[in-house]
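For reference, the chains in residue letters:
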Amino acid sequence: MPKNPGLIFLAAFLVNNILLIRYLGLCPFFGVSTSLNTAFGMSAAVLFVMLLAAWVTWFIFHIILIPANLVFLRTATFILVIASLVQFVEMFLRKNFRTLYSAMGIYLPLITTNCAILAVTFLNIDYKFNLLQATIFALGTGLGFALVIILFAALRERLDFAPINRSFRGYPIAFIAASLVSLAFLGFIGLFGLSL
Amino acid sequence: MNNKSSRLSYLTRGIILENPTLILMIGLCPTLATSITAKDGLGMGAAASFVIIGSNLVVSLLRKLIPTSIRIPIFIIIISTFVTIIDYVLQAYQPALYRVLGVFVPLIVVNCIVLGRVEAFAYKHGVFDSFLDGLGKSLGFTLVLGVMGIIREFFGAGTLFGKIATPVWFRQYPMLLMLFPPGAFLLIGIFKALINKFMKQESL
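Going down the list, the protein sequences come from chains Z and G. Per the numbering used here, the very first residue in the first sequence carries number 866; after that it's consecutive. Per the numbering used here, the very first residue in the second sequence carries number 13; after that it's consecutive.
Derived by calculation from the structure, the hints in this document are not laboratory data. Don't take every hint at face value.
Some chain Z residues close to chain G (C-beta under 10 Å, calculated; not the full set) [what the hints assert, rightly or not]:
#, residue
1, G890
2, L891
3, R1034
4, Y1036
5, F1053
As a list, the in silico SDA-like pairs of lysine to any residue whose alpha-carbon atoms are at most 25 Å apart [stated by the list, open to error]:
#, chain 1, residue 1, chain 2, residue 2
6, Z, K993, G, P107
7, G, K209, Z, K993
8, G, K136, Z, A948
9, Z, K993, G, I97
10, G, K51, Z, D991
11, Z, K993, G, Y110
12, G, K209, Z, D991
13, Z, K960, Z, D991
14, Z, K993, G, R183
15, Z, K993, G, H137
16, Z, K993, G, L172
17, Z, K993, G, K51
18, G, K209, Z, R1031
Just so it is clear, CB atoms sit at the ideal spot from N, CA and C, and this is done for glycine as well.
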């Protein structure tokens, strides 16, 4: 992984796209990419929680877990922190920002156990990112998620009306469409010298 | 509930009829990501099986002590304990496999199969039944990972479990696509279509 913030962003956004190249967060990808509206709501919620989670877990890891020599508790701590964070954000939005809540509120509980969110927090630690790099990485990953899920939702709205063999209708054709989109994303390998 | 045939069905239904990956469509991320070779796929299957069976056992042992209102956080703590154990065991004894699986080992904690089985089955059933259920679901998961790994390795690299299995002309121009993400998506799409065709199931 590069250290330059601009390259980190590009790597997370396109070259190592979280959905199509890293295969993370596939459940919401196939679940909510059936219409453009849900895709927008879901990507907004993921982007928001991803950034928050990256900050919170970065501070917890570097301020509490490392000094206390409790690195082995990483998995348990991160998942519990993210779960409670999402609950808290949901309550806060419902009380104070009704419009924002109605746009992405229902997706918030769904992404508590979204592996993309947890993966970003783990990768921030594995790549030894500082706070700025971690922020850029989470931002790029979240935007990459949004880009692909919105592109794919537009594609799937078309698929509903296409004449497709009965056995392939629904999930199978969605997977095969994902395969083709992913093939297109492989074309970004080598951009600014970035590799998989 | 206690007769033999229904007990056996706890074990067998997870393998085909309620296969977590192909029928229930959960746990997709590790299935696609770690099935690049047969060995990696089976390694991931084994790691996930340890967590599924272990947390099923512990939850069903403690099911009378866990209050309903806070059961999910408790489940998550139990699951993440097993995940941490397998994380460190693999790091110490199978470093090559651990490097390949990477972030997917700690991510077993958010694998829907684990939390799903604990919540839907182990919290309501006895220890032995929960063990059988966990074993069945693990076998179903591992089976899909293994089969996908074998197919992808065979067509993508021309080897089986790391051993050369195809003629030279095949290995000179292998279907590299199969080793990359598009191949994984394509393969699972074809699997799902075959299931729709032969199991007379309405596709969703």
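Consistency of the hints with the structure:
1. For Z:G890, the shortest C-beta to C-beta distance to chain G is roughly 7 Å, which falls under 10 Å, so the interface hint holds.
2. A least Cβ separation of about 4 Å between Z:L891 and chain G falls short of the 10 Å threshold, and the interface hint therefore holds.
3. Residue-level restraint check for Z:R1034 holds (minimum Cβ-Cβ distance to chain G is 5 Å; threshold 10 Å).
4. With a least beta-carbon distance of about 5 Å to chain G, the hint placing Z:Y1036 at the interface is held under the 10 Å criterion.
5. Because the beta carbon of Z:F1053 sits about 12 Å from the nearest beta carbon in chain G, more than 10 Å, this interface hint is broken.
6. For the suggested pair Z:K993 and G:P107, the alpha carbons sit about 19 Å apart, so the restraint of at most 25 Å is met.
7. The hinted pair formed by G:K209 and Z:K993 fails the criterion: a straight-line CA distance of about 48 Å is larger than 25 Å.
8. Between G:K136 and Z:A948, the direct Cα distance comes to roughly 24 Å. Compliance with the 25 Å bound is thereby established for this hinted pair.
9. In summary, the hint linking Z:K993 to G:I97 is supported, as the alpha carbons are separated by about 23 Å, within the 25 Å threshold.
10. With a C-alpha separation of about 24 Å, the suggested pairing of G:K51 with Z:D991 holds against the 25 Å cut-off.
11. Note on Z:K993 and G:Y110: the hinted pairing holds, with a Cα-Cα distance of about 18 Å set against a maximum of 25 Å.
12. Only pairs whose Cα atoms come within 25 Å are accepted, and G:K209 paired with Z:D991 is rejected, the gap being roughly 43 Å.
13. The suggested pairing of Z:K960 with Z:D991 is violated, with an alpha-carbon distance near 36 Å, which exceeds 25 Å.
14. Distance check on the hinted pair: Z:K993 and G:R183 sit about 38 Å apart at the alpha-carbon level, beyond 25 Å; violated.
15. As the CA atoms of Z:K993 and G:H137 are separated by approximately 43 Å, the hinted pair breaks the 25 Å bound.
16. Annotation: proposed proximity of Z:K993 to G:L172 is violated, straight-line Cα distance about 36 Å (limit 25 Å).
17. Distance hint between Z:K993 and G:K51 is unfulfilled; the C-alpha atoms sit about 29 Å from each other, more than 25 Å.
18. A C-alpha spacing of about 8 Å is found between G:K209 and Z:R1031, which places the hinted pair at or below 25 Å, so the restraint holds.
When each numbered hint is compared with the structure, violations occur for hints 5, 7, 12, 13, 14, 15, 16 and 17.
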